[in-house]
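There are 2 protein chains.
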Amino acid sequence: MNIREATKQDFEAIWPIFREIVKAGDSYAYSKGTTKEQAEKIWLDTPGKTYVFEQDGHILGTYYLKTNQAGPGNHVCNCGYMVSAKARGKGLATAMCGHSQDIARKLGYKAMQFNFVASSNEGAVRLWTKLGFETVGRLPKAFNHPVHGYIDALVMYKWL
Amino acid sequence: MNIREATKQDFEAIWPIFREIVKAGDSYAYSKGTTKEQAEKIWLDTPGKTYVFEQDGHILGTYYLKTNQAGPGNHVCNCGYMVSAKARGKGLATAMCGHSQDIARKLGYKAMQFNFVASSNEGAVRLWTKLGFETVGRLPKAFNHPVHGYIDALVMYKWL
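Which chain is which? The protein sequence lines are A and B, in order.
Per this note's numbering, the first sequence runs over residues 1 to 160.
Per this note's numbering, the second sequence runs over residues 1 to 160.
Hints were generated in silico from the structure; no laboratory data involved.
A hint or two may mislead.
What follows is a set of in silico ranges between Cβ atoms, one per label pair, in the way DEER data are often shown [stated by the list, open to error]:
#1 LEU107(A) to VAL147(B): 22 to 28 Å
#2 TRP15(A) to SER31(B): 30 to 36 Å
#3 LEU107(B) to TRP15(A): 28 to 34 Å
#4 GLN9(B) to GLN9(A): 43 to 49 Å
#5 VAL147(B) to LEU131(A): 29 to 35 Å
#6 LEU107(B) to LEU131(A): 34 to 40 Å
#7 LYS49(A) to GLU5(B): 35 to 41 Å
#8 LYS36(A) to GLY48(B): 20 to 26 Å
#9 LYS90(A) to GLY132(B): 42 to 48 Å
Please read these numbers as outputs of a predicted model, since none were measured by experiment.
For glycine and all other residues, C-beta sits at the position ideal for the given N, C-alpha and C.
Between the sequences and the hints, there should be enough to build the whole structure, so can you do that?
Here it is, written out as C-alpha cells:
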C-alpha cells in the first residue's frame, strides 16, 4: 500500500489536486475561490489526520480524517478523498477509503459519515455504496451544481 | 420582539445558559468540557450572526446563524438555539426560530438545516416539525446520549 501520512512539505503536491477538484465545483463544499493558504488549513491543519497516496515519488491522491461532531457525536468521523485527474479509475479512492476505515477503527471511531455527497456524483455514490456506506439522508436542493443547478446532496454513513 | 444582535459583552449572560445545556450532554454536539473561551468562539465569534432574546434586561435565550457548507452549499444556513432553563415552555424557541428564518431570508439563504438533532429530544423534533422542518436524514447511533447510550441523530431541513 502506497499510503502514508502527509507532511507539511506534501502540500505543494496536494494543492494542484485540490485546486482542480474544487474549481470544478461539482463535488466538494469548498468555495471555488479557496486560496492555497486556506486549502492547506482545511486539508492539512484542521483535520486530525491527512494521508497521501504516493506512487514512484508522485502524489496521486490524498484524504483527510476528522471528528465529525464534537461531544456526543465524537465517535463518528468524517473523511474526504481526492484523486488526481490523471490517476482516476485505478482504484485509488477504493484503496484510500479502505485505508481510512482501518485508521478510523484504530483511532477508536465507531462510524464514518460523509455529510455532503452531490447526488449527481454517481460514481462516488456507487463506490461508497459498494464499500458499505448507506444513504441515510437526502438534503433537498442543498448542492448548487455548476451545470444542473440546485440538486440534492446525500448523507452517507457506515458503522465500522 | 425582544430579539436583538448579541454584543461581545452579552457573552457573560450567554455563558451560563450555554454551560448548563452543554453539560447536560443530551442535545448539543459540543464537548461537556468546553471552556468559556471556546464557547465564546463557537457561539459568538465563528457564526455569521448571533442574537439574544432579552426581557426586562435579562438574557433568556440566544441563537446563532451561520453558513452550513461552503461553496456549492453556501445557500443553506444552520442555526442553533438555546433557552435558559427558567424560561422554557414560554415560546422563546419558536420566536427565535421564526426570527432566524426572517434573518436568513434577508441574508439571501434559501434553506435552513439542523445537522444533528438527538432523536430523544422529542420536544425539539416536534417543534421544528411544527415550524415546517422536515426530517431528511437519520444517522444511526450517531448521538451518544448520557442516559440512553447510542441513539440516532436526525437531520432536519426547511426550504425558506
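Each hint, compared with the structure:
1. LEU107(A) to VAL147(B): 22 to 28 Å: At 26 Å between Cβs, range holds.
2. TRP15(A) to SER31(B): 30 to 36 Å: holds, 32 Å
3. LEU107(B) to TRP15(A): 28 to 34 Å: holds, 32 Å
4. GLN9(B) to GLN9(A): 43 to 49 Å: At 45 Å between Cβs, range holds.
5. VAL147(B) to LEU131(A): 29 to 35 Å: holds, 34 Å
6. LEU107(B) to LEU131(A): 34 to 40 Å: Holds: the Cβ-Cβ distance is about 38 Å, inside 34 to 40 Å.
7. LYS49(A) to GLU5(B): 35 to 41 Å: Taking Cβ atoms as reference, LYS49(A) and GLU5(B) lie about 38 Å apart, which means the hint holds.
8. LYS36(A) to GLY48(B): 20 to 26 Å: holds, 24 Å
9. LYS90(A) to GLY132(B): 42 to 48 Å: 46 Å Cβ-Cβ, so the 42 to 48 Å window holds.
Going down the numbered hints, you'll see the structure goes against none, and every one checks out.
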